[in-house]
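Line by line, the protein sequences give chains A and X. Quick note on numbering: the first sequence equals residues 1 to 296 in the working numbering. Quick note on numbering: the second sequence equals residues 1001 to 1384 in the working numbering.
If you are wondering where the hints come from, they were derived from the structure by calculation, not from laboratory data. Do not take every clue at face value.
[Said to hold, decoys possible] Short derived list, chain A residues pointing at chain X, Cβ under 7 Å:
#1 P96
#2 V102
#3 L108
#4 M109
#5 I228
#6 F231
#7 I235
#8 E260
#9 Y261
#10 S266
#11 K269
#12 L275
#13 V277
#14 Q281
#15 P284
#16 I287
[Unchecked claim] Sample of chain X residues facing chain A (criterion: CB under 10 Å; computed from the structure):
#17 L1070
#18 L1113
#19 W1114
#20 P1116
#21 L1138
#22 A1162
#23 G1169
#24 S1172
#25 L1324
The beta-carbon is built from N, C-alpha and C at its ideal position, and this holds for glycine as well.
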Amino acid sequence: MDVILNQLFVGLSIASILLLVALGLTFTFGQMNVINMAHGEFIMAGAYTTYVLQTALGTGAIGLAFGLALPLAFLVAGTLGLILEFLVIRRLYGRPLDTLLVTWGVGLMLQQLARDLFGAQNVNVDAPDFLNGGITIAGADLSYPRLFIIGVVVLVIVAIAMYMGRTPAGRRMRAVMQNRPLASVSGVRTTRVDRTTFFIGSGLAGLAGVGITLLGPVGPTLGLAYLIDAFLVVIVGGLGQLRGAIIAALALGMANSFIEYNTSASIAKGGVFLLIVLFLQWRPQGIVVQQRRGLA
Amino acid sequence: MSSLAKWLPSSTPKPSAFLVRFALMAVTLLLIAPVVLSDFRLSLLAKFLCFAIIALGIGLAWGQGGMLVLGQGLFFGLGGYCMGFHMKIVDAGPGNLPDILTYSGQYDSLPWLWKPFASAWFAVPMAILLPMAIAALLGAAVFRQRIRGAYFAILSQALAGAFVIVIVGNLSLTGGTNGLTNFQSFFGLSVIDPADQRILYFIVAIVLLALFLLTRALVLGRYGRLLIAARDDEDRVRFLGYDPARVKLVAYVLAAGMAGLAGALFVPVVGIMAPALLGIVPSVEMVIWVALGGRTALAWAAAGAVMVNWARSSISEQFPSGWLYLQGLLFVTVILFLPKGVGGLVENARRFVGARVSLEGGRPRVEKRPAPAATSAPATKDGL
């Protein structure tokens, strides 16, 4: 029983990190069909924002720095996303595969920039005092940093759901996603909506970066490791579907946790991939499918 | 001036023009390069030609077939490890364990995974067939369900990532992150001796040229037409009664086989096979070569691999960090402004000069025939 609880928590914790990274992607990839490989570097930017704030404010204010990092990382990564959208992606709508390659090039440059600014060595970000330690429930160890990440993810999901469902801006975003030409003739300024979508999606990557600093050291190639898995979450969940992404992240996290417990980390990775391919045989469009007319 | 026009190949190449160009390429690779280049540079070129073989496959699958294959490192690695296992066993001699297997102290005799690779008759075909088999499995599963575009790209990328984790995770069998190194001999040739390295260079160059001719023939034939049709409008191909999944599968499997063969040649040429050469990052780099060279023309795709790697080795020798910026910048610029890569640029320049020359000669050239396969527009409509 302890073991199962423990693995459930590990799975939940993996799922929350996957989801934190994937939430940004449901905006950029899911809604705009932009495969932003620089998303990983935006995560890195968020993580380094935390590091810079901590170094700037000194050891006395670690908690404060961490708290400030959350909104600031959102802004930093979001701004990077805006710049990227304005300079590059705007010119590539309708060429999804090319956005993948171009943003990869951008990612390479950002990685090198991070190396030149902060050194090739990983840096450490200290967790604030109130996040040290953990609690034990029914034999399962729940560490505070992981609980904190789960909390952040839940908050972000609620915020996104409110934004998309309850605000005029969110409604415009859904309209553009569902039918761009129709939204456009109805008076929605699609370019502006695109820019907002990209800002939010990239900002969420920054937020993910702050969360990831709690799990280990920060390096220039930090983002890539999480990015591919997050893309898989979006694919399995169904494009642009918040609900689908949540279910997919939970499923992949749990599968990873339980396969890894019974075998090894490398087999878990291969096993999860196999499960994904098999799943796509059954539901090629993902868990939650948006109804649309026309060919597949 | 009009005599000059005769020497400039027209924009729709005639077979003879192709023969001239191919002969020039073959002479450069087989006669000029071995004379002009030092031993060190020549073996470097041999390495780049191995990469060019991968690029040729990507040119087929991506350039002609529209499948963005982001996981070619997997197939390259499978080929490399098949050959590497065999060479390690031969180096150790009969009855002895290869050094890689002794480090962990777990094995007294060859483990089951290694055993069949003692035979060259198993190892060499496997280096090509194993990648093809895996590509066939993944491709059949994916294309049949009409998973395409970015979905396919990310799946193939994730597979390469998972493969690296498996290799690193099974340290005692595969040498882990360090991979396989310290090779001595390759079918009687010494891996270290410069004279034997030259022979290896010729083997790689001839394989590349032969594969290029074969792939070109395939692309110009009926199958090539179908492949391009499937790239540009998969649904229409289906309505015409063909199965686009099968058409695409063939190109993907062939590309995987080429990457496997390249891996098998890479090991004796460079003397190493390690996970760092085949993960997600190197796999994307392989696509970068093709994008920079020119995805829609096979020859330019292969040339891209040599150009990018040559530039990297000469620039990064002096400015290690400068190269990474330059690579990123080059990449962004080329995709944004030159979707056909350097090859497209050369093609345009040639057309421009050709038009000028023929105008001066009083005979404006009008393009009537549709552009040939190798220069048709890149896939813009790649249904997501």
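Given a cut of 7 Å on the nearest C-beta pair, is the interface hint for E260 of chain A held or broken against chain X? For E260 of chain A, the interface hint is violated, since the closest Cβ of chain X sits about 11 Å away, which is over 7 Å.
Taking the least C-beta to C-beta distance, is Q281 of chain A closer than 7 Å to chain X? 6 Å, holds
Min Cβ distance, L1113 of chain X to chain A: is it shorter than 10 Å? 14 Å, violated
Tell me if the interface restraint on L275 of chain A is satisfied: Cβ within less than 7 Å of some Cβ in chain X. It is violated, given that the least Cβ distance between L275 of chain A and chain X is near 12 Å, above 7 Å.
Hint check: 10 Å Cβ-Cβ cutoff, A1162 of chain X to chain A: This interface hint holds because 5 Å falls under the 10 Å limit.
Does W1114 of chain X pass the interface check with chain A, least Cβ-Cβ distance below 10 Å? 18 Å, violated
Please check whether I228 of chain A passes as an interface residue: C-beta within 7 Å of a C-beta belonging to chain X. 5 Å, holds
Restraint satisfaction for L108 of chain A [CB to CB of chain X, less than 7 Å]: At about 4 Å, which falls below the 7 Å cut-off, the nearest Cβ of chain X leaves the hint on L108 of chain A intact, so it holds.
Min Cβ distance, Y261 of chain A to chain X: is it shorter than 7 Å? 15 Å, violated
Given L1324 of chain X was flagged as interface, is its beta-carbon under 10 Å from a beta-carbon of chain A? 4 Å, holds
Was the hint right that L1138 of chain X lines chain A, CB cutoff 10 Å? Hint on L1138 of chain X: holds, closest Cβ of chain A at ~7 Å, below 10 Å.
Tell me if I287 of chain A is really an interface residue toward chain X, meaning its C-beta lies closer than 7 Å to one of theirs. Check failed: Cβ of I287 of chain A comes no nearer than 14 Å to chain X, outside 7 Å.
Violated hints, in rising order: 8, 9, 12, 16, 18, 19, 20 and 24; the structure is consistent with all others.
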